Structure formats: C-alpha cells, structure tokens
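Novice: Each chain, written out:
Number of protein chains: 2
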Amino acid sequence: MDPKASLTAPNAIREMIRAGDYSGPTNGFVPGFTQCNIVILPKAYAFDFQKYCQNNHDCCPLLATSVNDGEYHVNALGSNIDIRTDVPKYRVLRDGQLVDEVTDIEKLWRDDFVTFALASYVAFDYVLHTFGFDHTTSSPAHTLPMYISNIPSEPVGPFKGNKVVCLRPMDTQEIIRAIQAGSISRVPHGIPVHFGNPADIGINNLQKPNFGDPIFIPDNKQPVFWTTSLTAHLAITRAAPELCIINSPQHMLVTDRPDMDLLIQ
Amino acid sequence: MDPKASLTAPNAIREMIRAGDYSGPTNGFVPGFTQCNIVILPKAYAFDFQKYCQNNHDCCPLLATSVNDGEYHVNALGSNIDIRTDVPKYRVLRDGQLVDEVTDIEKLWRDDFVTFALASYVAFDYVLHTFGFDHTTSSPAHTLPMYISNIPSEPVGPFKGNKVVCLRPMDTQEIIRAIQAGSISRVPHGIPVHFGNPADIGINNLQKPNFGDPIFIPDNKQPVFWTTSLTAHLAITRAAPELCIINSPQHMLVTDRPDMDLLIQ
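Chains as they are written, first to last, in our numbering: chain C, 1 to 265; chain Z, 1001 to 1265.
Misleading hints may appear alongside valid ones.
[Stated by the list, open to error] In silico BS3-like links for lysine-lysine, alpha-carbon gap of 30 Å or less:
no., chain 1, residue 1, chain 2, residue 2
1, Z, Lys1221, C, Lys208
2, Z, Lys1208, C, Lys221
3, C, Lys221, Z, Lys1221
4, Z, Lys1051, Z, Lys1089
For the record, the hints were derived by calculation from the structure and aren't laboratory data.
These numbers were taken from a predicted model, which means no experiment stands behind them.
Let the hints inform the model, and build the full structure from the sequences given.
Specialist: This is the structure:
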C-alpha cells in the first residue's frame, strides 16, 4: 500500500493500521478529519467516566460511546471501525500503571468493555488553519507542548485531577482571531482557558512540558492555553481502575467526522 | 409626562424628546434597544460617506440610511421617527467647525439632506450584560473613555482619519468571554481591536481620553479597546463639508431595533 495515497481518506488510514502496516503517530494524517483519544473501560466504571466527561466537557469532549457492552464498533465515527485494531498503538493500564504498549488489543478484549472517543485538540488546529493561521502558529503535523495546570476538573466518583492544557504562542491580534474562530466554529477545545503569565495556572517552566515537545515563543507573542483530552487520561491514572486501555499519545483513532462538523453540544 | 414610565419604550422616549421635554444624554435609556449616532450630510457627500462606512464597517456600522433625499423619516429604525426633532441635541458643523448646538433642526432642514444612522458601542455593553458581565466592567449607563488611536481607517474621497476606540478594563477571563460574546452575538463593535499596551496603538495617556470620562483600571485588569462610531465624526471634521449635522456626544437617537438583532452584515 502506498502510504501517500492512503493519506486521502480516513478509512484507508484505518485499513493500513488494521493490517499492521503502520503503528506510528497519526499527527498530520487526513487534515480536516477528526482524530480521537480513546478510553476503554470495564462497564463498572462506565457511568462515572461518562459523567466525568459530561461535567468536564470543555476538556473531555465526548464524541461517541460504544452502544452495547463489549461492542468494538463505533459507528458514530465511521462505519467500519474496529476499535481493537484501528488505533496504531495502545497502552494497557492495570491499577493506573502502564503495563504494556501494543498494536492491537484483540486478545485483551472483554465483553464488558465500553469505548469512549474524545475529540483531540488537533481539530482546533485545523480550524485555525481554515481561519488563515499559518503553520508557524499552529500545525496539525506537530505535537504541541502540554502541561498539567493547577485548574481542577470537576470530580465524579473516582475520576478527578487537574486540567491538562496545550500551548500555542500567539500575538494580541492572533488571540483575538483565535477566540473568534473557536466561538464561530464551536469546535471542541476552541476557547482558551488562559493567556499571559503561565504561573497564574500553575505552570512554572514552559521549557519542560509534561507531554509533547517544547515550543519557541517569539518576543512579540505570549503563551495561550487550551484544554486537551489528556485531562481524561490523567484522571484515569489517578482513578486506577483494575484495567483500562487508552491510545498512546499522538497515536489516535482517525475518524470519518469532519472537524468543522464537531459542534459543541 | 412621567420620565420613569417613558423609560419603558423607545417611541415614548422619542416623543418626550420631540416635545422638547428632554434634551439630555440618552445613556442608560431603554437598555436592549439600539442607540445610534446620526450624521446628516448634503447629497453631494452622501455616496463617498456611505462608501466610507462600508469600507470601515468595523468602526462605522451603518444601520440605516434615509431612503429619499430630504426625507426626515428613518423607517428602518422605527415607524414614526422624525430625525429633525428626535435627537436630544444636535451639533451643526460648517466647514468642519462646530458653529451651533441645538435641540431641533427643523429650520436648518434641506431637501438634499441624507441621514445616516450608525450603531453605537452601547449595543455591545448590553450584550456583555446579557453574557453575565457586571456593571463594574461594562455599563450602558456610563460613558466609556474614548481615544483617537494611530490605526488608520480606510480613506474614501474626503473622508479619512484614525480610528476612535473606547476602553473597557478586563481581566484575562473577561477578555476571553467578551470576544466569545462578540463573536456569537455578531453585534457591531463586538470584537476588540487591541488589548494590553495602549502605546501599541498610539495611546500614551489613559487618564486623558479624547472623549468620555477616564476610568479606573484595577491591577488585575488590562485595557481592552473596541472601535466606536466617533471614528465617523472625526472623519467628517477632517473632510470639512460646507454643512453637516451630527448628534452631540451621548445624545443619540433611540431606535426600535433590539441590540441582539444587530447582525454584522
């Protein structure tokens, strides 16, 4: 299969991953189509986790949940998705600890698994691009620096923790336009939680992100922070369910849903 | 007439003004109904001025123009408006110089007059209020400080000049919410042109506004700037038409149009 041709359609990407031909990061694949962070939990945790996403929809925008227990399709995001094989790399957590990283989870699958798909911040990168932002400000092909802020999420059952935020450097005019783009597009992760002094939200060293890569901030720009769905991953680590499967960072589910169609509910 | 009862409807306010019972500022009257700055020009200037408003619609949002030359009704803004009497106070400019301030202009009226009505920044104050901003941040009853910035408007014929901006002090979270409110409501003057260092747009002393009153800026807030329709008044002063009539500052036409219905075209 020619990887370049495969970049044209989300289902071609998923086929390539399902066949075991690709297990790398999905950044920059099929721009304009939503990529999702995946959380797979035993049914016992499903209600609390769903409510956690609902109560923290700014950081955990839940796009889809599997309909029946043990179902490995997620038809709301694409007709032929098999969530056991269509993510390039999975992390297996037991009691909140990473115990394995694998390229498929067919052998681990259980009849009581529930799948949750959360929109990635990458959707807003695409929106910024359509609003005329250039790739030095925002690029779907790069991983933004991410930080654990001191802004608490709203706890539900065992799920709690601070919000994980990503950083894009912007000047004053870009901040104004970016908030307009987020407001008009209503895309998840579109409205910043903070800009200016990082210490205001508990971030003391921009050069040491908790996830992703550091970014250069020119003198005429300031750091602007948006939530990311890693907030959910952090909450799961703290909740420490007996078993949980998530995607490896930047190794996401590529869906058939256009980014511009992701209305915030 | 009981002035308190009259605050309930725009046409009651206009009747009171028309009868000569009130000639003061209109700030705070009938919150939620649009107040307009008025420009009345001889037909010879009408095309250029209309084009100036169109090309600078961010600062000069033209809501209505009289339909026929010499017509003193503005039906688009209210069915019984008589623009010769319904503004509490008018300024008469000859060759760009203020020569008189009067409470009606019936004797000055000419068959070649064209009336222009521009939405005031007050509409966005009402929107901010509906979005939960309190009156310490923004109040339709107060006059904001206004400054002549160094941002040029786009010149058309004799009309040119820098943009006049108003200032509201806001903290980071308020700036984010205000831009959302402006984007979602699409109300005129809803998107700021700048925030942060006033010197970036040529404003060197916040305590000395060119129009309006100075405002206190608490330590946790920064100045945020939006355009105002006074930009048009400034351009007219510079164009110096042989005759022009405008409303006195803060003495505006109270219309029947709801602020929330003022979609930017």
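Novice: Mind checking the alpha carbons of lysine 1051 of chain Z and lysine 1089 of chain Z for me, to see if they're no more than 30 Å apart?
Specialist: holds (26 Å)
Novice: Within a Cα-Cα threshold of 30 Å, do lysine 1208 of chain Z and lysine 221 of chain C meet the stated pairing?
Specialist: The given pair, whose Cα atoms are some 28 Å apart, holds under the 30 Å limit.
Novice: Given the hint that lysine 221 of chain C pairs with lysine 1221 of chain Z, does the C-alpha gap stay at or below 30 Å?
Specialist: Given pair lysine 221 of chain C, lysine 1221 of chain Z holds - Cα atoms ~19 Å apart, limit 30 Å.
Novice: Has the given pair, lysine 1221 of chain Z with lysine 208 of chain C, been kept, meaning a C-alpha gap of at most 30 Å?
Specialist: Measuring from Cα to Cα gives roughly 28 Å; hence the hint holds.
In the structure shown, no violation is registered for any of the earlier numbered hints.
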